[in-house]
Each structure stands twice: as C-alpha cells, then as structure tokens.
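Peer 1: If you read the sequences in order, they're chains A and B. Sequence positions in the first sequence follow the working numbering and run 879 to 1071. Sequence positions in the second sequence follow the working numbering and run 879 to 1071.
To be clear, the hints were calculated from the coordinates, so they are not data collected in a lab. Cβ atoms here follow ideal geometry from the backbone N, Cα and C, with glycine treated the same way. There could be a bad hint or two in this list.
[Claimed, not checked] Sample of chain A residues at the chain B side, in silico, Cβ under 7 Å:
1) Arg1001
2) Leu1003
3) Thr1062
2 protein chains.
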Amino acid sequence: MTTGRRPGDSGTRDAILAAAKEGFATQGYAATSLRGVARTAGVDPSLVTHFFGSKDGLFEAALALPVDPAALVETVLGGPTGRLGERIVRTFLLVWDSTPGQGPMLAMLRGAVSHEDSAAKLRDLLLRSILRPVAHAAGADDPDRRAALLASQLIGLAVTRYVLRLEPIASAAPDELAPVMGKTLQRYLTGPL
Amino acid sequence: MTTGRRPGDSGTRDAILAAAKEGFATQGYAATSLRGVARTAGVDPSLVTHFFGSKDGLFEAALALPVDPAALVETVLGGPTGRLGERIVRTFLLVWDSTPGQGPMLAMLRGAVSHEDSAAKLRDLLLRSILRPVAHAAGADDPDRRAALLASQLIGLAVTRYVLRLEPIASAAPDELAPVMGKTLQRYLTGPL
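Work the whole structure out from these sequences, hints included.
Peer 2: Structure, rendered in structure tokens:
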C-alpha cells in the first residue's frame, strides 16, 4: 500500500464503475440513475457521489475507452494509402470485436443518441482525434467533409452490427466486411466526391 | 359528429400522442414515462392507459410513420436502375427533411438504440418493407446482404445528420449528398461485392 490508498477504496470504485458501464451501455444515459448504479454495485448512493461527483462525472469515467486514439491513427496510417479504407474498417472492427460486450463504445453510442454532452464527446473523439487526422494525412482536399463521410459509414456499421444486430452484417467476419466497406471509405477519403 | 365520437376524445388523444412523440424522440424509450407524458399533455395518467393501453401501445402509436413504405419503394424504383442509389438517398432525405423535427423517425431511431422491441421494428420496416424489395427489384445476387449494406450507410447518414448533427453533413443540401452517397448505395446494390 505504498500509494496510501485503502484497498477497499479501489474495489468499491471499480464495482461502481462496472455497474455504471453496464447501466449506460444497456439502458442509456437518461434511464441510468446514481441510485440504480449504487444498488447494482451493492453500495450506498453517497459513495457514488464520493467517487465520481455527479452523474456526468460517472458517465465520463464509464466512457473511458480501452484504446488510445493516437495509437489507432498510427495503426491506420501505417501502410499503403491505397488500402487505407480497408485498414480503417479492420481497425474499427478489431477495437469493437475485442471489447467484451462492446461496453464503453456501445455506452458512448447509446449515450450520444439521447444526450447532447455525449454526442459532443463522440463527435470530438471520432472526428477530431481520429478521422480528421487520418483525412489530413491522406492528403486529400476538403478533409473535414471526407472525415464526416467516413464517420457516416463507420457509425452506420457500428449501429447495424452491434446495436440492431442486423444480419448478415452482425455475424460477418472482418475479412468479409473490410474489402466491401473499405472501398467506400477509400473513395470518401481519396476519391473524387 | 356523425362518427358518434365525442369531440373531446380525439383532442385528448392527440395531445397525449404529441406529448409521447416529443418524449420518445428527445429522451428515448426508457426515460419516457406514462406519468411524464400525461403531465406534458395536461391530462390524468389514467387517460393515457385508457387510450393506449400501455407504454408499448403508446410507443407503437407514436412511431406510426408519416409515409407508406410501399409508396417509397415505388418512388425509388421508378427510374433507371443505374441511378437507383442516388434516388434512394434523395427519397430518404426528402422523408426526413420534410418531417418537422424528424419526430417519428428520430423516435424510432432513438428507441431502436435502447430498446429491443423498437430495434426489431426498425429492422423490419427498413429491411423487409423497403430495402429488400428494392434489392430484389434491382435483380442483383445476394439481396439480403446488399439490403443490409444499404441499411448501414442510410442509418449512418441519419445518425450523423439528424442525431449527432455532424458538419458538414448536417447542413448539406440533398443535391450535395445524393451523388456522393448515392454512388456508395449503387455499388452496394448492383456492383461486385
């Protein structure tokens, strides 16, 4: 205990955070209450406020993504420009598919659809931290417009595959999806618009 | 009053329905309560149950779309196959843009993201009533897969334009979007996959 933290603290905080992730991901922002999260975590509601301040603070913590946007951009850009679209789809699917239950990403997506703060966070993460840098690096004209077009197909992919579970996209292997949707992203990124 | 209905009934029912559409569209399914809807409509909660039975019945009534899917399919198919993709985007934007606040469609989309019944309804409407018939009529192989790909780009367009209000897609004129996304839909529909 060299950090001086009591062991119980981090366990309690983790339990609250896990309950919050579950709640936001399955029920969305509006329907998730501090009281409900506390009940699921088996703690007193005052502890939720103690650790996270407010519902927004809890939401913020629950949305912490398991990936570093800068590392994603680097991965995507590490290869020939002609296959950038396909690499974006593969990287996107890898991040989503490798996260059990797609927890934080689903929570962010569900939150964004019902909650303006969360929509702003998603816009910021997706466009400013990931897609605009990629569009700029690809060297095409009008990178903002291209980044928005990329976002429209990627968000559509996430909603159909993970939220609506629309077949055959929901069960398709990345190897099936990447070439087909990659071609769309490639055109949005480097083709004539 | 030849129908024998009391005038007050339809006014009350309309007020409840308007409050429900507003609630489901802005807050989503889970966070919208019969009690809250009754309060917004200025009626007693028992009247909501009287007219709509349950929250699901109310949701169902609120989701009634202002368009007939069969008529949409006919519009989209009435023209050269080579520009099918572009006509789909134009028709899609026309329906959304011409509905004030995108009420029922936004409610369905927001509902689908947080509520399995509503997700099933959206899958059913979009795929079975609209996109699969279009894909079949286009005469391409593997119409289910093609319809799902169409859905992924159209849902992505709706989320980025109307929910996330991501620029420049949010403010783009249909004439700007239709050629660019139409080409994607055209390939998903009739091109090699």
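Peer 1: A separate judgement is required for each hint: does it hold in the structure or not?
Peer 2: Each hint tested on the structure:
no.: 1; hint: Arg1001; result: holds, 6 Å
no.: 2; hint: Leu1003; result: violated, 11 Å
no.: 3; hint: Thr1062; result: holds, 5 Å
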